[in-house]
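Chains as they are written, first to last, in numbering that gives the first Met the number 0: chain E, 0 to 359; chain F, 0 to 359.
Derived by calculation from the structure, the hints in this document are not laboratory data. Hints should not be assumed to be uniformly reliable.
It does not matter which identical chain is used: a pair holds within one copy or between any two.
[What the hints assert, rightly or not] Restricting the straight-line Cα-Cα distance to at most 27 Å, the calculated cross-link-like pairs of lysine-lysine (DSSO-like) are:
no., residue 1, residue 2
1, K20, K223
2, K318, K40
3, K296, K272
4, K120, K223
5, K123, K40
6, K223, K272
7, K126, K296
8, K296, K40
Small disclaimer: the values here were computed from a predicted structure and weren't measured.
There are 2 protein chains.
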Amino acid sequence: MARKRRMMILTEGRLGIFTAKTATCLVRYCADEVACILDSKAARAGKPLEELIGVGAGLPIVSTVAEGLTHKPTQLVIGIAPVGGALPASWRKIILQCIDAGMDVVSGLHHILGEDEEFAKAAKRRKVRIWDVRESPADVSVAQDRLRDLPQRRIALVGSDCNMGKMVTSVELDRGLRAAGYDSEFIATGQTGIMIAGSGIAIDHVISDFVNGAIEQLCWERRKRQVVIVEGQGSVYHPAYSGVTVGMLHGSMPHAIVYQHVPNRTHIYHYEKFPLMPVKAGIQLVEALTAAIYPSKVIAVSLNTFGMTDADADRAAKKLEDETGLPAEDPIRHGSAKLVRAAADALGLKPAQKRARASR
Amino acid sequence: MARKRRMMILTEGRLGIFTAKTATCLVRYCADEVACILDSKAARAGKPLEELIGVGAGLPIVSTVAEGLTHKPTQLVIGIAPVGGALPASWRKIILQCIDAGMDVVSGLHHILGEDEEFAKAAKRRKVRIWDVRESPADVSVAQDRLRDLPQRRIALVGSDCNMGKMVTSVELDRGLRAAGYDSEFIATGQTGIMIAGSGIAIDHVISDFVNGAIEQLCWERRKRQVVIVEGQGSVYHPAYSGVTVGMLHGSMPHAIVYQHVPNRTHIYHYEKFPLMPVKAGIQLVEALTAAIYPSKVIAVSLNTFGMTDADADRAAKKLEDETGLPAEDPIRHGSAKLVRAAADALGLKPAQKRARASR
């Protein structure tokens with residue numbers, strides 16, 4: 000994907016760190032590609048963006064498409080999910096206005112915009128692209144054991160639950176490895192990650208038979224990379240998404256695994272009758288699963304300590320280090336130094352190799 | 000589905016126990032609904048059906064649609080999968096002839112016949128139904144923890160590999176339980192099972208996010224049943240299909256699990272670099288996975304000893320019983336008495352309940 004995009008991100012009425020996760024992450028990781036945020040309610044409130052989502056200092060919030068156009072966006076990105084799944088009438092109008100203005104449209108909704116007759120017709124007329132990032136590529140298939148002998152090293156993320164920050168950890172670890180001179184790439188498996196990376200497969204939308212194969216394909220396409228970080232989804236014991244998680248874990252044949260956790264969460268998000276496993280037991284289950292087909296160890300615990308005090312966050316990290324014997328840190332709060340070191344050590348990335356890559 | 004169907008089963012040139020699994024199972028379990036087998040090569044060879052697939056004494060093999068029509072079929076069932084996935088030209092002609100004769104068409108192919116313009120048009124003209132059993136129903140969704148408190152008891156099948164006879168075991172166990180007076184139902188999750196049962200969901204074709212939810216839905220729809228047997232797919236450590244398997248196992252929240260195994264298989268079918276786990280270790284992994292969210296025990300090992308001598312099959316069963324401490328038998332060779340007893344014991348099916356059900 001050409002890196003000339005300038006995104007206008009739609010968050011209409013829901014601009015916040017929990018209500019507009021896609022918008023927040025795009026601002027965090029692609030701030031220089033964000034033209035503006037479109038949210039009439041937030042624009043009226045007049046607060047600066049960084050006060051609402053913690054990042055994005057200086058980026059404008061606009062209240063209409065016309066106002067947004069003055070910031071020269073090239074694409075409209077849907078930065079939130081509508082409640083109930085149906086497309087609100089006001090969004091429909093905004094999307095059509097943007098298409099008429101010659102902008103591409105990027106969406107991670109289950110409602111496939113490219114199959115919406117009105118949008119498809121308008122896009123064809125204006126020769127713009129509608130990119131439904133959740134749609135699977137036509138060529139995904141079953142896993143074929145293509146990764147076994149590649150020199151590429153792979154790190155998989157897996158968590159004790161959904162919605163814990165695995166994508167953020169993946170991006171931070173990738174950036175940390177690259178900053179340290181390694182030839183790393185982040186592999187996106189969810190909508191937001193795909194919008195950040197500009198490529199990837201929304202694994203939860205793939206036909207179940209092809210989950211392991213889709214991950215294999217993403218790794219195979221990047222086989223020249225020294226290291227890839229595979230964004231994880233869910234948990235191996237999630238009551239609704241365990242299938243997706245286990246398929247991804249096996250399909251990626253990882254050499255190392257990072258385990259994601261939220262210290263103050265006790266039960267599966269939205270499934271309150273299912274307690275989280277103790278981290279150590281969760282790690283053992285993950286390792287038992289990979290042992291069967293491509294043995295791999297969890298090498299670090301990545302934490303999401305959002306909302307905790309610094310002291311509590313530090314205590315939680317220390318406690319998990321004592322319990323698991325593994326390094327633990329929150330890459331946003333503490334930085335990713337421990338994760339990067341654990342990954343480089345576990346994968347045996349050689350300084351010589353590192354220098355050779357860095358000097359290209 | 001009305002039980003008046005009379006199937007003409009297409010196996011063109013591939014009529015055999017391994018090459019036409021769907022046909023073989025339909026004949027085994029729905030012989031009184033089979034009108035004839037359509038296979039010009041087998042018809043020319045002139046051997047009786049039971050010599051070719053072990054079952055089906057007395058059922059005719061015909062060489063043309065015209066000849067088949069004399070047996071008054073109501074539907075054409077595609078009983079094999081074409082090599083490479085494309086539809087052979089000769090099949091296209093046969094399918095159109097059957098539609099023109101007013102027959103429904105039932106297919107488990109990945110190639111969706113109902114979306115084929117020529118077939119769709121012909122079917123509409125003749126007002127017949129094309130049933131692509133692999134297509135998911137529109138209303139599948141994510142799992143919602145609806146099974147937890149049902150009185151219904153659930154048995155899940157899981158194997159050490161794909162293609163081992165889990166569907167056959169499910170049907171045999173269901174029949175055994177019903178013969179013993181329990182109110183049992185077999186839940187089909189693959190094409191052949193769906194054709195036998197007349198309902199079900201081809202779980203490998205569902206969007207990955209919905210695997211756990213699709214199984215939950217199938218169980219929920221049968222919540223009045225005393226016992227359901229959920230046909231399994233794959234293995235929790237299968238390099239390509241583990242995601243499907245684990246999602247099914249968690250989605251069904253089983254009270255008991257039957258583990259399927261082929262004693263003389265050493266490696267994953269088609270994935271020869273992946274050894275099978277020892278049965279006992281495989282059972283431990285399955286139990287570790289369910290322990291996390293809905294604890295369940297493996298209660299018996301079901302064997303597929305096809306091709307072994309009676310003495311070898313008996314020895315293999317005995318060996319597994321010694322290793323695992325569980326009853327083990329091949330329901331085709333040995334009958335399903337041990338499986339039925341293990342299930343009734345583990346699920347605590349009460350004789351009173353049994354009598355009450357049996358007397359309805």
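Pop the pair K296 and K40 into one bin, within, between, both or neither, using alpha-carbon distances up to 27 Å. Neither, since 47 Å and 54 Å both go past 27 Å.
With identical chains treated as interchangeable, where does the CA-CA distance between K223 and K272 reach 27 Å or less: within a copy, between copies, both, or neither? The answer is between: 23 Å across copies meets 27 Å, while 44 Å in one copy does not.
Within, between, both or neither: how does the pair K20, K223 come out at a Cα-Cα threshold of 27 Å? Neither, since 31 Å and 41 Å both go past 27 Å.
Could you figure out if K126 and K296 sit no more than 27 Å apart (CA to CA) within one copy, between two copies, both or neither? neither (49 Å within a copy, 58 Å between copies)
Given a CA cutoff of 27 Å, do K123 and K40 count as a within-copy pair, a between-copy pair, both, or neither? neither (31 Å within a copy, 51 Å between copies)
If the cut is 27 Å between Cα atoms, do K120 and K223 qualify within a copy, between copies, both or neither? For K120 and K223, the Cα distance exceeds 27 Å both inside one copy (40 Å) and across copies (48 Å).
For K318 vs K40, is the C-alpha pair at or below 27 Å within one copy, between two copies, both, or neither? neither (42 Å within a copy, 71 Å between copies)
Classify it for me, K296 with K272: is the Cα-Cα distance of at most 27 Å met within a copy, between copies, both or neither? For K296 and K272, the Cα distance is within 27 Å only across copies (20 Å; inside one copy 29 Å).
The structure fails hints 1, 2, 4, 5, 7 and 8 (numbered hints given earlier, in ascending order).
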